[in-house]
Amino acid sequence: MPDPRPRVALFVTCLVDLYRPTVGFAAIRLLEQAGCEVVVPAGQTCCGQPAFNSGDRRTAQDLARRVVDAFLPYDYTVAPSGSCAGMLARHFPSLFEDDPTYRGKAERLAAKTHELISFLHDVRGMRQVQAAYRGIVTYHDSCSGLREMGVKAQPRALLAGVSGLSLVEMSEPETCCGFGGTFCVKYPEISIRMVSDKAKDIAATGADTLLAGDMGCLLNMAGRLKREGSAVQVRHVAEVLAGMADKVPPIGAGQE
Amino acid sequence: MVHLTSPAFKANAARALADAGLQRALARSKPQFQAKRAKAAAGLPEFEALRDVARDIKNHTLAHLDFYLEEYAAKVEAAGGKVHWCATAEEARAAVLAICRAAGARTVTKGKSMISEEIGINDHLEAHGITPIETDLGEYILQLRREPPSHIIGPAFHLNREDWEKSFRESHTELPPEREFRERRDILTEARTLLRRKFLAADVGITGANFLIAETGSSVIVTNEGNGDLTQTLPRVHIVLASIEKVVPTLEDACVFLRLLARSATGQDFSVYTTFSTGVRREADPDGPHEYHVVLLDNGRSNMVGTPFQDMLRCIRCSACMNHCPVYQAVGGHAYGWVYPGPMGSVLTPTLVGVEKAGHLPNASTFCGKCESVCPVKIPLPKLMRHWREREFERHLTPPTTRYGLRLWAWFAQRPALYRLAAGLAMGLLGRLGRRRGAFRFLPFASGWTRGRDLPAPEGPTFLAAYAKQRREGTR
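Protein chains in written order, with our numbering: chain D, 1 to 256; chain L, 1 to 476.
Keep in mind that the hints were calculated from the coordinates and are not lab data.
We put the beta carbon where it would ideally sit given N, CA and C, even for glycine.
Honestly, I wouldn't trust all of these hints.
[To be verified] Quick list of simulated restraints, FRET-style, between CB atoms: (1) D:Glu174 x L:Glu46: 34 to 44 Å; (2) L:Arg145 x D:Glu107: 25 to 35 Å; (3) D:Gly125 x L:Gly21: 49 to 59 Å; (4) D:Glu169 x L:Leu194: 43 to 53 Å; (5) L:Phe276 x D:Ala153: 55 to 65 Å.
[What the hints assert, rightly or not] Reference excerpt, derived from the structure (chain L facing chain D, CB under 10 Å, subset only): (6) Ser365; (7) Thr366; (8) Gly369; (9) Glu394; (10) Leu406; (11) Trp409; (12) Tyr419; (13) Pro444; (14) Ser447; (15) Gly452; (16) Arg453; (17) Asp454; (18) Pro461.
Construct the entire structure; sequences and hints are all you get.
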């Protein structure tokens with residue numbers, strides 16, 4: 001019997017915190033709809049992935065310790081990002097090979113860390129959302145969510161229940177958009193080429209809305225679509241599932 | 001040896017992105033490889049389970065590498081062959097040259113071999129008056145064009161049909177210039193006719209090996225053209241060029257890999273030719289070489305044993321990682337600047353030429369993880385690339401802008417109160433500045449981003465600030 005009202009710590013993620021607060025509030029609404037008590041631990045900044053993927057292991061360890069200490073007391077840790085959830089769930093333990101105390105703690109945290117949409121669907125058994133969205137959407141499978149956290153069917157299953165929404169697939173929804181954290185500014189030509197290919201694939205679907213579950217990819221794809229003058233609206237999937245798409249303009253869209 | 005241009009990866013990549021012919025060739029190969037591999041894997045119910053078995057066989061072999069290599073060498077010698085243990089590329093070149101000289105060789109036919117690229121044997125033989133002739137069709141045209149391969153199993157995948165025709169006309173001047181190349185087969189027929197004479201005239205045949213079998217002392221090659229068989233069967237002397245991690249314990253083990261290799265590589269269930277060679281021709285054999293030499297190369301690989309990079313020694317050179325890599329698909333193999341391209345090259349090249357020269361390669365990855373997801377021996381390629389980044393960071397090889405940027409970011413990220421303050425100010429400002437248009441076309445310090453895409457503007461106040469405000473006001 002699962003805990004009737006688990007205490008879920010929301011790992012907001014730095015990009016949602018800085019760029020798209022609405023996603024954080026959408027996550028809270030969805031988690032509460034799924035019967036959870038949501039806590040937002042203070043003092044959270046970043047999962048440390050920029051340091052980890054740049055080879056700065058010590059900084060990554062330091063940030064990881066802070067996250068472990070802040071989030072371990074709760075029943076679950078949930079992030080509206082497959083990438084950050086993947087960092088906690090798949091990589092934190094490997095940072096503490098020489099530190100048995102934190103190794104154990106990191107493993108315990110890893111075991112109860114989830115990406116938001118898969119948590120709602122797989123752990124909380126959510127099958128229906130209370131949301132409406134008029135539009136044809138296409139969904140990009142962000143790499144870490146897909147390959148580290150197994151996020152694939154869950155967002156599609158929940159989107160199917162949004163009234164007014166229909167989903168069309170890209171020809172390559174699982175191909176990387178070219179964001180890759182610091183990759184996008186270290187190798188801009190390659191990154192821009194990759195996101196241009198992605199924009200073509202998105203355009204070919206005829207969808208009017210692009211959804212995904214990771215802010216990094218979304219900023220990248222929205223930025224490219226905007227540069228190309230595309231009218232495709234870009235949003236985090238949680239905004240739509242929580243019925244909050246009317247609360248904020250699409251990513252990269254202005255008020256003019 | 002292939003000229004090393006890995007330090008110029010960025011310039012190589014920019015050139016590749018602007019090369020229309022290359023882009024056409026890459027666009028053609030991508031759907032071909034990926035769809036075929038997916039279909040082949042789906043068609044074999046135990047494919048996923050075999051990947052685990054294959055990984056475990058390699059791990060076991062690498063844990064007892066000395067034992068299996070000695071067993072293998074003993075079996076080779078028992079079958080009348082000779083093993084030449086070579087610690088370096090230089091030793092391997094010398095060994096091959098000595099064998100060719102002892103055989104009085106003037107021409108040497110060659111099957112496809114990445115080790116031959118790694119040690120640069122063609123240049124070495126030519127410098128000593130011996131003519132090497134590549135017989136794999138792709139390698140053959142690259143030899144005509146004096147280009148290195150850009151892919152492991154499709155070395156000339158960067159070329160289009162008009163490139164083939166042009167090179168053939170320029171090189172085969174003895175053939176009538178008015179001949180026509182209407183289809184792929186015409187190219188094939190011309191190469192086949194010319195190569196047939198070379199096969200018959202060659203004094204020595206050099207092949208690589210996909211596997212070396214300790215139990216029997218056999219070398220295994222797989223090809224689709226049959227050129228490897230003619231290379232190793234017709235000449236008096238057969239040289240197998242192989243690196244130490246090619247050894248597997250038994251014939252049965254080799255069969256596990258054969259079931260994975262072609263499916264992962266080309267999406268075939270099996271390659272057209274799979275040939276096992278054991279020692280020299282015996283009395284009753286209708287054909288086969290009179291001398292059978294194995295030039296067994298280490299070239300730094302034994303140093304990888306016992307390190308995190310040991311996992312890389314499981315690689316069976318199938319090319320699935322590069323066939324599925326979006327970075328490889330964008331820039332092609334030559335941009336990587338050495339013998340081994342794509343994700344496997346981004347891990348292996350730094351071990352073989354030094355991370356100070358090949359440092360770009362493990363960085364030029366989004367860590368999308370597709371390579372690892374298709375690797376038949378489950379090499380954790382992104383993790384190993386990250387290990388290289390860690391070594392670079394430790395050795396201060398990471399570019400200063402990255403280091404300072406990281407240090408500044410880390411300083412704030414480790415001080416949540418200051419981070420909140422700075423983030424609140426910055427996002428508030430950006431949010432106000434970008435509100436009308438919703439995105440920035442240009443921002444100072446963000447030119448890498450804004451060169452080809454806008455930077456979306458933030459909503460304004462950060463989540464944590466807005467959340468704290470709601471809590472204070474009792475609305476949450």
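Okay, the hints, checked on the actual structure:
1. The beta-carbon spacing between Glu174 of chain D and Glu46 of chain L, approximately 24 Å, falls outside the hinted interval of 34 to 44 Å.
2. A beta carbon spacing of about 54 Å between Arg145 of chain L and Glu107 of chain D contradicts the range 25 to 35 Å that was offered as a hint.
3. As the Cβ distance of Gly125 of chain D to Gly21 of chain L is approximately 54 Å, the hint placing it in 49 to 59 Å holds.
4. A C-beta distance of roughly 48 Å is found between Glu169 of chain D and Leu194 of chain L, which places it inside the suggested range of 43 to 53 Å.
5. Remark: the range hint 55 to 65 Å for Phe276 of chain L to Ala153 of chain D is contradicted by a beta-carbon distance near 44 Å.
6. The interface hint given for Ser365 of chain L holds, since its Cβ lies 7 Å from the closest Cβ of chain D, which is under the 10 Å cut-off.
7. Here the hint on Thr366 of chain L is kept, as its CB sits about 3 Å from the closest CB of chain D, short of 10 Å.
8. For Gly369 of chain L, the suggested interface contact is upheld, since its CB lies about 4 Å from the closest CB of chain D, less than 10 Å.
9. Using the Cβ-Cβ criterion of 10 Å, the hint placing Glu394 of chain L at the interface with chain D is satisfied: the shortest such distance is roughly 7 Å.
10. The criterion of a C-beta within 10 Å of any C-beta in chain D is met by Leu406 of chain L, whose closest approach is roughly 6 Å, and the hint holds.
11. Interface hint status for Trp409 of chain L: upheld, as the beta-carbon distance to the closest one in chain D is roughly 6 Å, under 10 Å.
12. For Tyr419 of chain L, the suggested interface contact is upheld, since its CB lies about 5 Å from the closest CB of chain D, less than 10 Å.
13. Given the 10 Å rule on beta carbons, the hint for Pro444 of chain L is violated: about 13 Å separates it from the nearest Cβ of chain D.
14. At a threshold of 10 Å, the smallest CB-CB gap from Ser447 of chain L to chain D is about 8 Å, leaving the interface hint in force.
15. A hinted interface residue such as Gly452 of chain L counts as satisfied when its beta carbon comes closer than 10 Å to some beta carbon of chain D; here the least separation is about 3 Å, so the hint holds.
16. Restraint check, Arg453 of chain L versus chain D: the minimum CB separation of about 4 Å is within 10 Å; hint holds.
17. Hint status for Asp454 of chain L relative to chain D: holds, with the closest Cβ pair at about 4 Å, below 10 Å.
18. Interface hint at Pro461 of chain L: satisfied, since its Cβ lies 7 Å from the closest Cβ of chain D, which is below the 10 Å cut-off.
Of the numbered hints given earlier, the model fails hints 1, 2, 5 and 13; all others are met.
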